[in-house]
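K.L.:
One line per chain: the protein sequences are A and B, in this order. Going by the UniProt record's numbering, the first sequence opens with residue 1, and the numbers climb by one from there. Going by the UniProt record's numbering, the second sequence opens with residue 1, and the numbers climb by one from there.
No lab work stands behind these hints: they were computed from the structure. Any given hint could be a false lead.
Remember, identical chains collapse to one label, so a pair may be satisfied in a single copy or spanning two.
[What the hints assert, rightly or not] Below, simulated DSS-like cross-link-like pairs (lysine-lysine); rule was C-alpha separation at most 25 Å, straight line:
| hint | residue 1 | residue 2 |
| --- | --- | --- |
| 1 | LYS264 | LYS291 |
| 2 | LYS243 | LYS315 |
| 3 | LYS315 | LYS93 |
| 4 | LYS334 | LYS183 |
| 5 | LYS129 | LYS334 |
| 6 | LYS33 | LYS93 |
| 7 | LYS315 | LYS70 |
| 8 | LYS313 | LYS243 |
| 9 | LYS3 | LYS291 |
| 10 | LYS30 | LYS70 |
Quick caveat: nothing in here was measured; it's all calculated off a predicted structure.
2 protein chains.
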Amino acid sequence: MSKKVLISDPTLRDGNHAIAHKLTPEQVAKYAKAAEAAKVPIVEVGHGNGIGASSFQVGLAVAADYDLLKAARDNLSDSKLGIHSIPGFSTIKRDIQNAIDVGVDVFRIACHCTEADITEKHIGYLREKGKTVHGVLMMSHMASPEVLAEEAAKMELYGAEAVVFMDSAGAYLPQDVSERVAKLVSNLRIPVGFHGHNNLGMAVANTVAAVESGASIVDGTVRGFGAGAGNTQLEVLVAVLEKLGYDTGIDLYRILDAADLAEKEFIPVVPFVSSTSVVSGLSGVFSGFIKHVNRVALEFGVDPRDVFFELGKRKAVAGQEDMIVEVAVALSRKK
Amino acid sequence: MSKKVLISDPTLRDGNHAIAHKLTPEQVAKYAKAAEAAKVPIVEVGHGNGIGASSFQVGLAVAADYDLLKAARDNLSDSKLGIHSIPGFSTIKRDIQNAIDVGVDVFRIACHCTEADITEKHIGYLREKGKTVHGVLMMSHMASPEVLAEEAAKMELYGAEAVVFMDSAGAYLPQDVSERVAKLVSNLRIPVGFHGHNNLGMAVANTVAAVESGASIVDGTVRGFGAGAGNTQLEVLVAVLEKLGYDTGIDLYRILDAADLAEKEFIPVVPFVSSTSVVSGLSGVFSGFIKHVNRVALEFGVDPRDVFFELGKRKAVAGQEDMIVEVAVALSRKK
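The whole structure should be built from the sequences, with the hints applied where relevant.
P.N.:
Written out as structure tokens, the structure reads:
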């Protein structure tokens with residue numbers, strides 16, 4: 001009997017990053033129908049940064065969370081409906097309750113890789129309500145495998161029924177993923193998951209490495225639709241896992257159809273590895289910094305790529321855009 | 001001391017497939033200059049199917065081989081000028097002599113993976129002239145590792161100074177590549193090379209696997225510019241090999257610049273893994289069949305993907321387009 005792998009598909013959530021959160025309920029409905037036909041186990045829906053995140057700062061969504069979730073809910077029956085939720089962007093009273101009301105099945109409570117503490121209340125609340133909850137550690141390359149395992153253990157303690165770690169900057173090579181999966185699997189009693197990005201062209205290979213090292217939940221989006229260089233390409237992952245003898249439960253022809261539909265309906269440009277993506281992956285810095293970095297680098301007469309690598313050394317994360325000027329000044333003085 | 005890897009860049013040859021062989025001498029000159037600045041060791045130029053291949057059957061090139069090669073030659077000094085040449089498409093008298101006259105440095109003599117015999121005269125002729133010659137085995141997934149090693153040994157016997165095997169349909173996973181490289185390395189005295197395609201999203205991972213298994217020559221094109229799902233993406237490969245401690249001699253920033261220039265000058269759409277690419281990679285059938293397959297499948301009321309998989313079982317190769325109708329008829333009878 002072949003080993004089972006649970007696939008979660010955040011096309012309608014991570015993909016929202018690629019189009020400035022402009023997915024409409026109509027598009028969500030169409031794709032959800034196609035994903036249901038392909039027997040995708042979990043369909044994740046919402047603003048790129050999760051429910052409650054729509055704002056001037058990280059991007060205003062075209063549609064309200066409720067309308068997007070409702071459009072998916074009405075078209076999913078065997079496939080489960082999932083959300084991504086970062087406490088702070090989301091609140092229990094407003095957003096989590098809203099998601100419960102609309103009938104979400106799988107709640108993914110996410111945070112920066114070293115801040116599991118902020119997920120405790122949300123995970124606890126949802127578990128009390130009898131909901132399925134997974135913990136998510138983002139930008140995981142910024143923590144050592146040991147720290148990552150400690151943070152994951154906290155989430156398990158809070159009641160998470162699985163922990164997924166994300167390669168948000170696409171910084172890993174397969175051996176990096178294997179090492180972390182092995183560490184988490186040996187430290188936790190609950191299933192371990194992996195979510196990849198393609199900055200170094202390794203998203204599919206990294207995801208396969210995760211599965212081969214013991215991860216039992218992996219994420220993928222059709223055509224890799226997602227932030228920056230994109231995610232692990234779901235229809236390719238399904239093909240490769242099938243070729244390797246794993247059982248994803250997903251129908252290959254139908255997921256190829258779903259990918260074709262998504263491309264036609266809401267993917268204006270299929271994600272690819274741009275030069276910026278490579279530098280982002282190598283430096284481990286969020287590619288969303290690129291516009292600021294280019295502007296500041298030009299102003300101070302330094303190479304934007306040097307700025308990225310220096311930001312990487314200083315472990316800059318989203319929200320620390322002010323560090324860009326600091327780095328550019330320092331680099332221009334060195335010259 | 002880090003291990004050296006020799007990179008050959010067929011952006012201006014395999015990329016020609018993606019734009020129906022429409023590269024102009026001006027575009028070639030611009031890219032060659034950028035590749036020279038990036039210290040790319042070998043820049044391969046020409047019609048997608050190699051010198052002498054321009055024809056109604058496989059596609060008429062916009063520019064003559066001589067003009068493309070001359071444009072590159074005039075802009076390369078430290079970087080070497082390479083060609084791809086398939087005996088039959090090319091003749092010694094006309095095309096090989098032409099390439100010698102224009103000053104080509106590296107001659108790659110290529111054939112289907114089981115037909116090394118047809119390269120004997122061309123390899124011998126060039127070696128007599130004192131030229132650098134590599135043998136190339138295309139569609140290598142159609143031969144067993146043992147047969148591939150035998151064919152490679154023939155090329156070595158004819159005088160080839162390296163043998164490169166190509167994953168023309170993008171059908172391999174890393175372990176497939178490792179197995180073949182190990183087999184070739186242990187059977188030959190000359191260096192072994194690998195040329196990947198991205199149908200299963202594995203081109204970079206496969207190429208890294210080749211290097212880690214002992215290949216010392218690998219191919220990559222900027223933005224993966226090439227046939228179907230595209231090639232191993234060169235600027236990503238350089239970044240990943242550097243991260244792993246290999247020495248490619250290529251300047252990372254300058255190859256990123258070359259990639260940006262190529263995208264601007266002659267890449268209308270960056271290659272991506274389409275649904276057809278996945279089916280092509282899984283079935284091991286050349287993706288160029290897609291138009292015929294779609295037409296015939298519609299006519300006989302069968303699924304074009306079933307046609308691909310059946311063609312794969314029958315080991316169809318380019319030139320055997322008549323087999324498509326045969327397969328469609330057989331499938332429609334089964335229904």
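K.L.:
A separate judgement is required for each hint: does it hold in the structure or not?
P.N.:
How the hints compare with the structure:
1. In the homo-oligomer, the alpha carbons of LYS264 and LYS291 lie at most 25 Å apart only across protomers (19 Å), although the nearest pairing inside one protomer, at 28 Å, exceeds that limit.
2. Taking the shortest alpha-carbon separations for LYS243 and LYS315, only the inter-copy value of 18 Å comes in at or below 25 Å, while the best intra-copy value is 38 Å.
3. Within a single copy, LYS315 and LYS93 get their C-alpha atoms no closer than 33 Å, and across copies no closer than 60 Å, so neither meets the 25 Å cut-off.
4. When the C-alpha separation of LYS334 and LYS183 is checked against a cutoff of 25 Å, the pair qualifies neither within a copy, at 40 Å, nor between copies, at 50 Å.
5. Within a single copy, LYS129 and LYS334 get their C-alpha atoms no closer than 57 Å, and across copies no closer than 52 Å, so neither meets the 25 Å cut-off.
6. When the C-alpha separation of LYS33 and LYS93 is checked against a cutoff of 25 Å, the pair qualifies neither within a copy, at 30 Å, nor between copies, at 60 Å.
7. Neither within a single protomer nor between protomers do LYS315 and LYS70 lie at most 25 Å apart by alpha-carbon distance, with minima of 38 Å and 48 Å respectively.
8. In this assembly of identical chains, the alpha carbons of LYS313 and LYS243 lie at most 25 Å apart only when taken from different copies (15 Å versus 39 Å within one copy).
9. For a Cα distance limit of 25 Å, the shortest separation of LYS3 from LYS291 qualifies neither inside one copy, at 43 Å, nor across copies, at 36 Å.
10. Only within a single protomer do LYS30 and LYS70 lie at most 25 Å apart by alpha-carbon distance; the minimum there is 13 Å, versus 52 Å between protomers.
In summary, the numbered hints that this structure violates are 3, 4, 5, 6, 7 and 9.
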